[in-house]
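**Q** Residue-level listing of the chains:
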Amino acid sequence: MTWWKPADVGFAVRSKLAGLGVGARLFVRLLAQAGACLRRFALVRDQIHFLGNYSLAIIAVSGLFVGFVLGLQGYYTLQRYGSSEALGLLVALSLVRELGPVVAALLFAGRAGTSLTAEIGLMKAGEQLSAMEMMAVDPVRRVLAPRFWAGVITLPLLAAVFSAVGVIGGYVVGVLMLGVDPGAFWGQMQGGVDVWADVGNGVVKSIVFGFTVTFVALLEGYEAQPTPEGVSRATTRTVVVASLAVLGLDFLLTAMMFSI
Amino acid sequence: MQRSSKDIWVGLFVLLGAAALLFLALQSANLLSLNFQRTYEVTARFDNIGGLKPQTAVRSAGVVVGRVQSITFNDKTFQADVTLSLQSRYSFPKDSSLKILTSGLLGEQYIGIEAGADEKNLQPGDTVTATQSAVVLENLISQFLFSKAADGSTPQQGTANKK
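Chains as they are written, first to last, in the working numbering: chain F, 1 to 260; chain B, 1 to 163.
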């Protein structure tokens, strides 16, 4: 588009606003389908299997390695100030408050979000969604909503698995490899991590991210151009928009939850 | 609802997530040390509370016997009113004294209870006035400088009087 022509700029702004409106309406429709999804839980269960079980491998392995790195870097930094006993506290707080929800959401966007967008986009390209509408089956209720609620249920669980495996990874590096005292490792951690303020807030964050990532993936798939090129562009946009949204919301939520 | 072989896997996945949350709550956080016992409330008046916050530990002989419930300012006595909730299984004599101590040199502050000698124990709602406030560094320094200045001036006054 030519940015110096007011008509083109006006058209671009209006189409962006229209896109925002379409997104908002889809979000409200998905929220409204909660009851229908509970009644046909088999659909949600199949989606949890697809989104959750298959993401478990990447989440667990990533969590392990993030825990390893936190243990290593944390030890060398804390040792300079003679506080290497606080390693357990450092690893646990970093994971539970920030890294668990955010990194799990980013990995989820990359693995599950792209597969959701591609699936919905290809269904749209193959005219399956239009065929459903012809049969008086609402595609949002039958196809999109189960995936939405499955994603909302799955991401908090994945984030918890990430944090737990990360803490164990930090233990393996800190205590077994670097020689930090295990009593100090777990004791300082238990003294400094609060169940409601830290773990609870991390869970709230991952629930919000679950809503965000799944919604962005479904929206991009639903609004994709019904061509192979359109689907591939939609998939890329899912990862970019979902990742930026997660990081932006993380800042907002952290400011709301953890500032004094 | 249709049964499917995926049920077991989804169930295992949810169980794994719940187990991870439980692990975080119990091993990493302080769920087990949260006290669900009954407590009784006692109020204390301090001139300066230093760095005390709600949920700060109250210790006697180093063992946690209660928590700080709330801290308010009393504008009639111009002191801080600190409400403590002490665990019901521990009773202290009526003339126990409270001090604000620091764990370690630069550590967190906590309230220490030293038991008195009274036969009667503290009842819920009692007020403790035998308190020692937190140490304020500036007051210490000015005290030190003042005493140094006082020491420095007395020999000169002696020689002036002789004349």
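It is worth saying that the hints were derived from the structure and are not from the lab. Possibly wrong hints are sitting among the right ones.
Reference excerpt, derived from the structure (chain B facing chain F, CB under 8 Å, subset only) [what the hints assert, rightly or not]:
| hint | residue |
| --- | --- |
| 1 | 4 |
| 2 | 6 |
| 3 | 14 |
| 4 | 24 |
| 5 | 25 |
| 6 | 27 |
| 7 | 51 |
| 8 | 71 |
| 9 | 73 |
| 10 | 144 |
Beyond 12 Å from chain F on every Cβ pair, some chain B residues (computed) [to be verified]:
| hint | residue |
| --- | --- |
| 11 | 3 |
| 12 | 18 |
| 13 | 19 |
| 14 | 20 |
| 15 | 21 |
| 16 | 23 |
| 17 | 50 |
| 18 | 60 |
| 19 | 85 |
| 20 | 88 |
| 21 | 89 |
| 22 | 91 |
| 23 | 117 |
| 24 | 140 |
| 25 | 143 |
Fair warning: this is a prediction, and the values are worked out from it, not measured in the lab. From the three backbone atoms N, C-alpha and C, an ideal C-beta is built for every residue, glycine too.
**Q** Over 12 Å to the closest beta carbon of chain F is the bar; see if residue 19(B) clears it.
**A** violated, 8 Å
**Q** Holds or violated: residue 6(B) as interface residue toward chain F, Cβ cutoff 8 Å?
**A** holds, 4 Å
**Q** Can we keep the residue 24(B) interface hint, with Cβ of chain F closer than 8 Å?
**A** Holds. Min distance 5 Å.
**Q** Holds or violated: is the Cβ of residue 140(B) farther than 12 Å from all Cβ atoms of chain F?
**A** holds, 26 Å
**Q** With d taken as the least Cβ-Cβ distance between residue 20(B) and chain F, does d exceed 12 Å?
**A** Contrary to the label, residue 20(B) does not stay out of reach of chain F, its closest Cβ about 4 Å off (not over 12 Å).
**Q** Please check whether residue 4(B) passes as an interface residue: C-beta within 8 Å of a C-beta belonging to chain F.
**A** holds, 7 Å
**Q** Going by Cβ atoms, does residue 21(B) stay more than 12 Å from chain F at every point?
**A** violated, 4 Å
**Q** If we take the beta carbon of residue 3(B), is the closest beta carbon in chain F still more than 12 Å away?
**A** violated, 9 Å
**Q** Regarding the assertion that residue 143(B) does not contact chain F, is the least Cβ-Cβ distance greater than 12 Å?
**A** Holds, because the least Cβ-Cβ distance between residue 143(B) and chain F comes to about 31 Å, which exceeds 12 Å.
**Q** Would the non-interface assignment of residue 60(B) survive a Cβ cutoff of 12 Å against chain F?
**A** Answer for residue 60(B): holds, closest chain F Cβ roughly 19 Å.
**Q** Let me know if the C-beta of residue 144(B) comes in closer than 8 Å to any C-beta of chain F, holds or violated.
**A** Since the shortest Cβ distance to chain F is 29 Å, the answer is violated.
**Q** Could you let me know if the closest chain F CB is still more than 12 Å away from the CB of residue 89(B)?
**A** holds, 22 Å
When each numbered hint is compared with the structure, violations occur for hints 7, 8, 9, 10, 11, 12, 13, 14, 15, 16.
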